[in-house]
Amino acid sequence: MTRVFVPRDVVALALGAEKIAAAIAATAKARGADVAIVRNGSRGMFFLEPLIEVETPAGRIAYGPVSPKDVASLFDAGFLNGGTHALRIGKPEDHPYLKRQTRLTFARCGITDPLSLEDYAAHEGWLGLKRAIEIGGAAIIDEITKSGLRGRGGAGFPTGIKWKTVADTKADRKYVVCNCDEGDSGTFADRMVIEDDPYMLIEGMTICGLAVGATKGYVYCRSEYPHGIKAFNEALGHARAAGYLGKDVLGSGHAFDIEMRVGAGAYVCGEETALLESLEGRRGMVRAKPPLPAIHGLFQRPTVINNVLSFAAAPFILAHGAKAYADFGMGRSRGTMPLQLAGNIRYGGLFETAFGLTLGEIVEDIGGGTASGRPVRAVQCGGPLGAYFPPALFDTPFDYEAFAAKDGLIGHGGIVVFDDTVDMLTMARFAMEFCAIESCGKCTPCRIGSTRGQEVIDKILAGTNVDANIRLLEDLCQTMKFGSLCALGGFAPYPVLSALRHYPEDFKPHAVIAAE
Amino acid sequence: MPAVFDVQRAQEIIDAHLALEGPLLPILHAFIEEFGFVDDAAVPQIATALNLSRAEVHGVVTFYHDFRREPAGKHVLKICRAEACQARGSESVARHCLADLGVDWHGTTQDGAITVEPVYCLGLCANGPSALFDEEPIAALTADKLLGVIEEAESA
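Chains V and D are the protein sequences, given in the same order. Residues in the first sequence are numbered from 5 upward in steps of one, following our numbering. Residues in the second sequence are numbered from 261 upward in steps of one, following our numbering.
By construction, these hints were calculated from the structure, which means they are not laboratory data. Each residue gets a CB set at the ideal place from its N, CA and C atoms; glycine is no exception. Worth double-checking, as some hints may not be accurate.
Under the rule of at most 25 Å between Cα atoms (straight-line distance), these lysine-lysine pairs were calculated in the DSS-like manner [what the hints assert, rightly or not]:
(1) Lys234/V <-> Lys168/V
(2) Lys293/V <-> Lys134/V
(3) Lys293/V <-> Lys485/V
(4) Lys338/D <-> Lys23/V
(5) Lys234/V <-> Lys174/V
(6) Lys334/D <-> Lys73/V
(7) Lys234/V <-> Lys334/D
(8) Lys405/D <-> Lys73/V
(9) Lys220/V <-> Lys338/D
Calculated Cβ distances over 12 Å to all of chain V for the following chain D residues [said to hold, decoys possible]:
(10) Val264
(11) Gln268
(12) Arg269
(13) Gln271
(14) Val317
(15) Gln346
(16) Cys357
(17) Leu358
(18) Gly372
(19) Ser390
(20) Ala400
Can you make the complete structure from the sequences, with help from the hints?
What follows is the structure, given as structure tokens:
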């Protein structure tokens, strides 16, 4: 029997993976070939999806991007034995895109069947949890602190300090909440975790539960990820049945269970206090801080709220020790960051690497420039609230502090590339429009400023008092930046101001640009 | 899904969720699943069951984009409008599609077949433009590909 791997990641599904799997099964049957189809996760090389793999005595051999009509010719070429074909990639781990990465968090991604407990255990799964049970709460937090792990959701707050605050706060019950409301355009790493390696998140949250003394965890996932929700709920069921979750986790005497909750299309719920409000069943309105969620969080109880990738880093850190993780990175940005290369980029996908590559290396060397083949004009980093970087700033190293020094943010690691056809005034307007659509309405600068921002940009577009309106826009951005309650209103000015600073030639009426 | 509200069935759904912590969003999601929308008549019913004011429940229903208050078309097409898809031409695909169907964002075609909605990121950001047709994800979208999917669904 030959094992053939056809990914179940939603990128592969969106490009016809179901039809490919069906075609392989039907062709194998018709030709009398003994084939077992495994639905693995994605390797994260999205430019090669659907990327199918065949297990041969020489290792796994990949072919991609495959379309259903290629299946017959793959059989003709003897792909079940690794035969030569125009789509043959060779061993995926030898592909330069994977070879150049440092996969700590995404080490299993694409290799295993995401829902197979057997596969997970065979690839270092649960080692971190087992060690966590052995060493106990204080030592777990010590490891996390020493690893230098900082919140991967965007704010970059030291994870160990957050966990310690919750551990030190006395309460009748505590919570672990995972922020999987990955709303930033250009990001998909959280989605890949819940679809392609869900047990890693379960393990990470359980480690956290043990460390801080919480017995209940929630994963708050956005409703735009229906496939991830389904996969993760299935994984929860298997983990519970096998004793990794429940009243007595792996016989440790500690109870911990996880429930997945689904958002309802509100971007602002990615903000941690809005997320907690939403989990409690209210409008996703931002809370004023303090009190911090670590002290008064979900249902007013001490709550660790972290991003998917922060929890997902915990199993590796516990299994291999803090030093193994902290050895990667630069400055105060330790470990690896799963970069997400997106937008108009030739080699888009997930690229996990230590901090410190420059933006130019990421976009040009790894990403291969634009998919359209035209010159890169702008790169938006850190989602819809992130600044636009022109090629002139490509020497900026990818690290929390270096990006902040250039008035940008790395956020959740999303990198969206635009070619030279982009109109930056339109993108600036979109940032304001998006902020207006998604504003929770609690604070005035965000609620009203975003709508006024659109109107001012419309005036610039129409050629009304252009210079005065550009000054007004800058002033409005300052008000939003310093007067908003949370990052939505506070960071929406970043794309606008960066567009204005780096692309002033676009801030003219479209009629004038056309005439030039 | 039947786009008819049923008070008794609604009560069963509410009762089934009462043991949860913070049950309101799960209840509203279950209503969407069952009825396709949240009927205004459900608001006082939920409020009574959860010991909330009608205003609080109304506030939650109207805050979230997902909780539609009227039935949608037979199919729901969500086209991504976020930056990564825009960088790959999503706005022109969307304009073409909306014009072809004769609707604006959030609109439903006259025959009630399709409702078109904007969505801000489906996590397919390296393979855009992307869309979700009911539960089916579509990447590398072109106007032709999208209209093909719609035609296929209409003829099925």
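### Query
When you look at the beta carbon of Ala400/D, is every beta carbon of chain V farther off than 12 Å?
7 Å, violated
### Arg269/D remote from chain V - nearest C-beta pair above 12 Å
Holds, since 21 Å exceeds 12 Å.
### Query
Given the hinted pair Lys293/V and Lys134/V, is their alpha-carbon gap at most 25 Å?
Outside the cut-off at roughly 35 Å; violated.
### Query
Going straight from one Cα to the other, do Lys234/V and Lys168/V come out at no more than 25 Å?
Given pair Lys234/V, Lys168/V is violated - Cα atoms ~32 Å apart, limit 25 Å.
### Query
Given the proposed pairing of Lys234/V with Lys174/V, does the C-alpha separation stay at or below 25 Å?
35 Å, violated
#### Entry: Holds or violated: Lys405/D to Lys73/V, with C-alpha atoms at most 25 Å apart
Holds, because 17 Å separates the two Cα atoms, which is no more than 25 Å.
### Message
Checking a non-interface call: every C-beta of chain V should be farther than 12 Å from the C-beta of Gln346/D. Is that right?
### Response
The claim breaks: Gln346/D does not keep its Cβ more than 12 Å from every Cβ of chain V (closest is about 7 Å).
### Query
Does Lys73/V lie within 25 Å of Lys334/D when you go C-alpha to C-alpha?
Given pair Lys334/D, Lys73/V is violated - Cα atoms ~31 Å apart, limit 25 Å.
### Query
Under the criterion that the straight-line Cα-Cα distance not exceed 25 Å, is the pair Lys234/V, Lys334/D satisfied?
23 Å, holds
### Task
Quick one: work out the minimum CB distance from Ser390/D to chain V and report holds if it exceeds 12 Å, violated otherwise.
At about 6 Å from chain V, Ser390/D fails to clear the 12 Å cut-off, so the statement is violated.
### Message
Confirm or reject: Val317/D is not an interface residue toward chain V, with every Cβ-Cβ distance exceeding 12 Å.
### Response
9 Å, violated
### No chain V beta carbon within 12 Å of Gln271/D's
18 Å, holds
This entry does not satisfy hints 1, 2, 5, 6, 9, 14, 15, 19 and 20, going by the numbered hints stated previously.
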